[in-house]
Amino acid sequence: MTGLAPPASARLLATALLIFTALVMLVPLGVVIASSFSESQFLVFPPRGFSFRWYGEILGSQAYLSAAWTSLRVAVIVTALSVLVGTPVAIALAKSSTPGRAALSGLFLSPLVLPTLIFGIGLLMAMSIWLGGPSIWGLVVGHLVICVPYVIRTVSAVLSRADPQLEEAARTMGANVWRRYIHVVLPQCRTGMAAGAFFAFNISFDDAVIALFVRAPGVETLPIRIYGQLEFSPDPSVAAVSTLMILVSAVLVLLVDRAIGLDRMA
Amino acid sequence: MAAVDWVRAQARKESLALLAPGILVLVIAFLFPVGTILITSVLERTEDGAFELTASHFGKFFVDDYYLKVAWRTLRLALVITLATVIFGVPLAYIMRRAHPALRFAILLTVILPLMTSVVIRTFGWLVVLGNGGLLASLVAPFGVTGRSAVLMHTETGIVIAMTQVLLPFMVLTVLGVLQGIGRDLEEAGRTMGAGFWQVLRVVVLPLAVPGIVSGSLIVFALSISSFITPSLVGGVRLPVMAGSIYQSIGGSFDWPFAAAQSTLLLAATLLLIIPYARLARTP
Amino acid sequence: MLNRRHFLRDTALTASALAVPSILRAQDNRLVINSFGGAYEEIHRQLVITPFEEMTGTRVEVVTAYSADTLSQLRAQKEAPQFDVAHFSGGLETTAALEGLLSPIEPSELSNHDQMYEFAVAGISKGVGPTYSTAVIGLLYETNQINPAPTSWNDLLREGIGERVLVTDAASNTYGLLGLLMMNHALGGTMEDLTPGLEFVRKLLDNGAVVVSKSPEIQQNFAQGSAWMAAYAQDYAFTLTKAGLPVKFVQPQEGAAFAPITVNLVANRPNRELALKFIDLSIRAEASAGWAEALRYSPTNRTVTLSGEVAEQVVYGEAAARNLVGFDPVVISDKRAGWNEEWKRLLVQ
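Going down the list, the protein sequences come from chains S, L and Y. All letters in the first sequence, in the order written, are residues 1 to 266 by the numbering used here. All letters in the second sequence, in the order written, are residues 267 to 550 by the numbering used here. All letters in the third sequence, in the order written, are residues 551 to 899 by the numbering used here.
Watch out, some of these pointers could steer you wrong.
Said to hold, decoys possible - DSSO-like, lysine-lysine: derived pairs with alpha carbons at most 30 Å apart:
| # | chain 1 | residue 1 | chain 2 | residue 2 |
| --- | --- | --- | --- | --- |
| 1 | Y | Lys885 | Y | Lys753 |
| 2 | Y | Lys764 | Y | Lys753 |
| 3 | L | Lys279 | S | Lys95 |
| 4 | Y | Lys764 | Y | Lys628 |
| 5 | Y | Lys676 | Y | Lys885 |
| 6 | Y | Lys798 | Y | Lys764 |
| 7 | Y | Lys676 | Y | Lys827 |
| 8 | L | Lys335 | Y | Lys885 |
| 9 | Y | Lys764 | Y | Lys792 |
| 10 | L | Lys335 | Y | Lys753 |
| 11 | Y | Lys628 | Y | Lys885 |
| 12 | Y | Lys676 | Y | Lys628 |
| 13 | Y | Lys628 | Y | Lys827 |
| 14 | Y | Lys676 | L | Lys326 |
| 15 | L | Lys326 | Y | Lys885 |
| 16 | L | Lys326 | Y | Lys753 |
| 17 | Y | Lys764 | L | Lys335 |
| 18 | Y | Lys764 | Y | Lys885 |
| 19 | Y | Lys753 | Y | Lys798 |
To be verified - Cβ pair distances, simulated, as ranges:
| # | chain 1 | residue 1 | chain 2 | residue 2 | range |
| --- | --- | --- | --- | --- | --- |
| 20 | L | Ala286 | S | Ser110 | 46 to 54 Å |
| 21 | Y | Lys753 | L | Leu349 | 51 to 59 Å |
| 22 | Y | Lys753 | S | Ile19 | 42 to 50 Å |
| 23 | Y | Ala793 | L | Asp330 | 41 to 49 Å |
| 24 | S | Pro46 | Y | Lys753 | 35 to 43 Å |
| 25 | S | Met173 | L | Ala268 | 19 to 27 Å |
| 26 | Y | Met741 | S | Ile19 | 55 to 63 Å |
| 27 | S | Arg171 | L | Pro367 | 34 to 42 Å |
No lab work stands behind these hints: they were computed from the structure. Glycine included, C-beta positions come from ideal geometry on N, C-alpha and C.
Start from the sequences, fold in the hints, and give me the full structure.
Structure follows, in structure tokens:
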């Protein structure tokens with residue numbers, strides 16, 4: 001190790017880069033959090049005074065509360081469906097007996113790299129032309145397609161470390177299909193399913209793009225509410241809502257870390 | 267023999283059953299909407315109400331200076347943003363690979379937490395930093411920089427800064443994934459053979475990291491050309507990008523076929539980038 | 551962690567969520583309207599929304615959306631609109647009415663109908679809701695920096711203020727559109743030919759003018775000292791003055807644009823009665839006077855008498871209104887899409 005120590009110049013550069021990155025990545029979140037405790041009516045820097053009044057404001061605001069309730073409902077449904085759909089796919093992709101695994105896995109993971117915008121526009125057009133207009137179910141379906149790949153990835157990640165012998169043993173010992181899945185396969189997937197669920201919840205809860213396009217009358221999610229406020233006039237109450245949403249994301253990130261380790265994101 | 271065949275057939279059936287719900291979702295939520303876009307983009311309603319094939323929606327895009335300008339800005343910004351994420355992301359990934367586990371975790375958190383935060387909120391943060399009376403303006407005010415020049419809102423520079431933060435995690439995580447696959451012994455070998463630190467970086471690490479950098483760049487570029495929220499809020503009305511133009515066609519001028527044509531072009535550009543990405547990702 | 555029981559519980563949760571037609575539930579006892587945000591929305595609440603809620607026990611849900619956005623949403627939701635009552639400023643109500651998005655109202659359905667000036671209720675049988683107040687689009691200027699005060703639209707080109715001029719987006723903001731039409735009119739253009747107006751704006755942009763699309767941006771720019779002159783509404787000048795900013799409004803000699811602000815009944819909604827009650831409440835004398843007192847909008851209810859300072863600061867009475875230019879909303883409705891395209895091309899950098 002000692003022989004490999006980078007020179008002082010490299011260390012200096014690395015330190016500078018780290019500080020710079022930390023600033024660029026975290027300052028935008030930091031200013032939002034700081035602004036949420038401001039006393040003044042306007043968003044100015046540095047924030048004036050310290051108060052929780054904006055938190056009081058949003059907790060008393062019907063618009064924010066109903067948007068939060070919509071977001072929560074959509075996210076819970078999307079999470080459950082994503083796990084239900086994604087887990088079996090990951091299990092199938094882990095089996096050597098599944099034909100065309102590479103192609104299938106590419107197909108199933110493709111929504112990760114294709115523009116979310118396209119799904120939003122496509123769903124809007126498809127629903128308007130054939131289903132008489134967008135609805136909250138369009139939102140659920142749109143979120144599902146971007147969330148399922150995360151479940152597939154996380155479950156696949158844990159399955160790649162799992163012992164395939166176990167299932168084989170269960171099979172040869174004559175366990176029927178259901179018993180085999182419930183007692184052997186699903187327990188192996190557990191942590192992956194949990195991590196996938198946290199991702200799915202977070203992505204659905206945070207999405208603004210699909211929600212913006214597939215906007216049904218009267219269905220407003222929290223990110224859309226925030227987007228509207230930003231377009232109009234950002235005030236510290238938006239900062240307060242955003243701070244709470246950052247908190248939710250932070251908790252979910254830590255839960256993902258607990259479940260399978262953040263390292264596996266790379 | 268028959269028993270083996272039976273087992274194999276059984277296993278196939280099982281796989282198919284497992285895949286079925288996923289395939290259903292892909293069809294309903296993916297192929298069907300994308301298909302609708304493609305169909306809408308080439309159809310035109312004639313006087314008598316029938317539909318006929320047309321290329322006019324695409325034609326409109328390519329003959330109009332305005333849309334070409336918008337497309338050019340979209341591509342130009344995406345290039346600059348990609349370059350910025352390479353410049354910052356690649357060294358960062360390398361540092362992460364070498365860092366002490368605690369530091370590494372801290373960096374990982376710094377990169378992933380913003381990634382997991384809604385893009386609306388991150389953009390909001392940039393509005394507070396870059397806008398009138400924002401953090402940046404109040405930081406440079408003591409140096410006599412005031413008024414318009416202290417405000418990066420509604421500038422391309424502002425868009426690039428905000429988008430780089432939004433997309434940097436994708437670069438870092440992709441490159442880190444590749445770097446983790448490179449054995450430390452290669453580097454050590456280079457060093458023990460007398461090469462300097464920078465030389466090893468240049469001759470050993472960088473070439474091996476190239477697939478990661480390329481796939482990271484493709485993904486950042488693809489996400490960048492299709493992003494909407496950040497460019498529209500930071501850039502404002504005078505700096506439209508393609509996604510914003512599509513949004514305008516849908517909600518402003520109600521020209522859905524034209525919106526579909528623009529979406530098709532955007533999708534085609536993305537696929538052009540993503541297919542080589544998928545190839546690269548598959549080669550170990 | 552997710553064990554089997556939790557898994558089943560999650561599934562059950564999903565199923566129950568699916569079973570509740572949640573969107574339809576809260577519909578019965580609420581009224582959805584749009585308002586224009588900021589100080590406007592506050593006063594709106596005070597004058598109309600809260601009294602309505604207290605009177606009827608109905609919850610009013612306010613969506614902050616300017617006229618252009620509201621029209622887009624009404625169009626997109628034609629079959630199942632979200633709004634019960636839509637407020638417009640600056641001519642788009644005629645567009646919406648022509649497209650069948652608004653519902654006609656009979657004079658007998660509004661108890662305050664006979665108190666209104668004739669022009670304010672002229673279109674209600676065709677779907678154009680009553681004009682509950684009017685605004686005037688002229689020039690706002692920073693009194694410490696701009697000396698002498700502007701007298702003409704051409705003063706926007708005054709030497710040395712180039713970067714501190716605000717232009718309002720004409721595509722997304724109807725006050726911006728009226729401002730553009732007014733500049734065009736001042737320079738000899740007609741509704742058929744917008745070239746003089748567009749060329750004028752091009753000059754402003756070349757001088758470094760900044761384009762804004764929402765009122766709060768105008769306030770921010772004046773507050774930060776980055777704006778000295780802007781084409782916008784008189785009522786907004788008063789909002790800025792109230793906020794302690796040294797801003798005044800003038801009607802340029804070539805004239806100022808007249809902007810009706812209307813309250814409209816959206817078609818295809820089930821609660822017509824409630825919505826009509828809301829509209830009736832919006833046009834009562836008390837509200838009309840309230841708008842003038844709080845934000846200096848001109849009243850359209852004949853029975854309103856203003857006194858002292860308020861009367862001086864609003865366009866009030868016939869003599870004062872002579873300098874106002876009205877633009878034909880039918881022509882606006884017909885040409886707006888084309889104008890938007892031209893405007894978009896003018897702005898793009």
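Check each numbered hint from earlier against the structure, then list the numbers of those it violates in ascending order. Failing hints, ascending: 14, 20, 21.
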